[in-house]
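Trainee: Each protein sequence line maps, in turn, to chains C and R.
For the first sequence, the numbering used here begins at 1 and goes up steadily by one.
For the second sequence, the numbering used here begins at 1 and goes up steadily by one.
It is worth saying that the hints were derived from the structure and are not from the lab.
One or more of the hints may lead you astray.
Identical chains blur together in the list; that is why a pair holds if it fits in one copy or across any two.
[Claimed, not checked] Within a straight-line C-alpha distance of at most 20 Å, the following computed SDA-like cross-link-like pairs (lysine to any residue) qualify: (1) K23 with S100; (2) K23 with S101; (3) K23 with S169; (4) K23 with E99; (5) K23 with E190; (6) K23 with A109; (7) K23 with G222; (8) K198 with Y226; (9) K178 with L202; (10) K178 with K198; (11) K244 with I21; (12) K200 with Y226; (13) K23 with G102; (14) K178 with E74; (15) K23 with E98.
Number of protein chains: 2
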Amino acid sequence: MIYTITLNPAIDQLLFVKNDIEKRQANRIIRSEWDCGGKGLHVSGVLSKFSIKNEALGIVGSQNRAALYSILSEKQIAHDFLVQDGARTRTSFVIISEESSGSIMMPEAGFPTSEANKIALLEQIRQKVTQEDIVVIAGSPPPNFTLADFGTLLKAVKATGCFVACDVSGAYLHVAVKIGVDFIKPNEHEIEEILVDKTKTLVENINLLAKNIRYLIVSLSGEGSYCAHQGRVYRIIAPQVLEKNDTGAGDCFVGAFIAGISDQLPLQEILKRATGCSASKVMHADSSTFSMVEAEILKEQVTIIEVEEM
Amino acid sequence: MIYTITLNPAIDQLLFVKNDIEKRQANRIIRSEWDCGGKGLHVSGVLSKFSIKNEALGIVGSQNRAALYSILSEKQIAHDFLVQDGARTRTSFVIISEESSGSIMMPEAGFPTSEANKIALLEQIRQKVTQEDIVVIAGSPPPNFTLADFGTLLKAVKATGCFVACDVSGAYLHVAVKIGVDFIKPNEHEIEEILVDKTKTLVENINLLAKNIRYLIVSLSGEGSYCAHQGRVYRIIAPQVLEKNDTGAGDCFVGAFIAGISDQLPLQEILKRATGCSASKVMHADSSTFSMVEAEILKEQVTIIEVEEM
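Isolated chain C (complex conformation):
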């Protein structure tokens, strides 16, 4: 089984306008849509699209639970959330203009996790997760979920012996690397936080880091990525596409990569699939839509080169 953990889930409210928004004028909303939000839930969405069984875990607020669950049911995302009484799952507003590229993300902070729910989550992991499973922890934790809490959670997941993927940034990424996980996917800026030796090149640092991380991806946005695995470093060159909105491309990559791990595909195939899916995502205006058909075509345009150590 694959479990995704979204510590700070959201309801994404997508507001479509015609042009880039401006002050001192009415920026009419043409239409609005709802999506589930939080990186872990987007990863679940990708897995479900690949028809790979998965369950979303995390903590949601009781107040607007029905609204979130109806979105999840539409996206065929199975879940077993802990519910925090009296709390409201945050809204993340996404403003998308139809005639320009890129979107504006306006996330609320989210409610602080109760101590009882922090403990309940650890207990849930101990009961559910076995060493055959994959756990994906993705997205920044909410207020009140400290670095120590995050460390405790990671250790509980690791203790099950499962495959642990972790897509977080900043100090949380640092904790993940220190504790040791099977998969991380920082971008060029995020990796700054965990560089082993700042006098060395990026590739040299990737080599050093990869000693403790089974699959280390460094994403380079439209340029593709690096992947380090079993002492080798690969440079993945993404196909050039017409960019509409690159928000969510990372979640799409992670979801498709984990789908490949679950399907036990060869690494080159996994990397091509994940790169194809995220390239397809970039061509769509919202934060989670990609096309399986487009991804299949784009996959064939992905180039992978092994990087020689200097």
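Once you have looked at the hints, place chain R on chain C.
Mentor: This is chain R only, laid out in the frame that chain C set:
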């Protein structure tokens, strides 16, 4: 009694962020607030703040009626709305950055008024309004509310013999001027629509227009306004204030002006009060807050000059 008519009411959702919003980054929402929206409701809010009895009319959707009514009750706005079954009152998103001036308005279109409710509104006006009353029709009508519908509504209001104030723009303003009302307040751009003789100056045009309109205001944003009444034209110079957000300043002016008419104050006093209130509004970040104390101080800094005809 004063009645305000808001044909396309809204629930304003105010989203406060720290800096100006940008693409490709998380623009964290610091806090969010709710307000009633639509020009007519903002005018009602000002009248209620002046402790002047008034009732808000218009058509709201049944789906989120409770949410709107609880905001109105908090603002002590009395109302007798018609309710359209299965419809949802639109949301108008207002993004306010704490460290810059001006706001971003993102209004939804609103639901189309049913034919039954168009008729019910006319009937309601016939039953409620007498010639001692004041009716303020403010804000653009919703989809499906045609120019002809608007004309029919205005005529029904006029037929009661009451004082009719109308704050609309574009072709609706044109209809209001054609039918003849007691008060309009176009800005420099909106008045273009109704200029009588484009070869003449603005003041000459104001003189021509004012023959059919008892109180004609032309607002000049931070510069103040013109007012034409009983064959005279006045230039009102607004006090200079630190602008935080000028959205809603017009509604504040209209509300305070109508409050003055209701209190039967002399015109100069009405103009000073209205200009003071809207100057106070400009100093506040949201779309409807102003301070009665600030307005009293600012009122004394308003200069009114009678404009001589050339």
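Trainee: Each hint should be assessed against the structure and marked as holding or not.
Mentor: Going through the hints against the structure:
Within a single copy, K23 and S100 get their C-alpha atoms as close as 17 Å, and across copies as close as 11 Å, so both meet the 20 Å cut-off. In the homo-oligomer, the alpha carbons of K23 and S101 lie at most 20 Å apart both inside one protomer (19 Å) and across protomers (9 Å), since each shortest distance falls under that limit. Taking CA atoms no more than 20 Å apart as the test, K23 paired with S169 passes between copies only; the shortest distance there is 19 Å, against 32 Å inside one copy. Proximity of K23 and E99 under a CA criterion of 20 Å is satisfied in both settings, with 17 Å inside one chain copy and 14 Å between copies.
For the homomeric pair K23 and E190, the shortest alpha-carbon distance between copies (18 Å) is at most 20 Å, but the shortest distance inside one copy (32 Å) is not. Taking identical chains as interchangeable, the C-alpha atoms of K23 and A109 lie at most 20 Å apart only when they sit on different chains, with a minimum of 18 Å there against 24 Å within one chain. In this assembly of identical chains, K23 and G222 lie within 20 Å of each other by CA distance solely across copies; the values are 16 Å between and 30 Å within a copy. Taking the shortest Cα distances, K198 and Y226 sit within 20 Å of each other inside one copy (18 Å), while across copies they are farther apart (66 Å).
With identical chains, the CA atoms of K178 and L202 are at most 20 Å apart within one copy only, with a shortest distance of 19 Å there and 72 Å across copies. With identical chains, the CA atoms of K178 and K198 are at most 20 Å apart within one copy only, with a shortest distance of 17 Å there and 74 Å across copies. Taking the closest pair of Cα atoms, K244 and I21 come within 20 Å of each other both inside a single copy (16 Å) and across two copies (19 Å). Within a single copy, K200 and Y226 get their C-alpha atoms as close as 16 Å, which meets the 20 Å cut-off; across copies the closest is 69 Å, which misses it.
For a Cα distance limit of 20 Å, the shortest separation of K23 from G102 qualifies both inside one copy, at 18 Å, and across copies, at 6 Å. Neither within a single protomer nor between protomers do K178 and E74 lie at most 20 Å apart by alpha-carbon distance, with minima of 38 Å and 52 Å respectively. With identical chains, the CA atoms of K23 and E98 are at most 20 Å apart both within one copy (18 Å) and between copies (14 Å).
In the structure shown, a violation is registered for the earlier hint numbered 14 alone.
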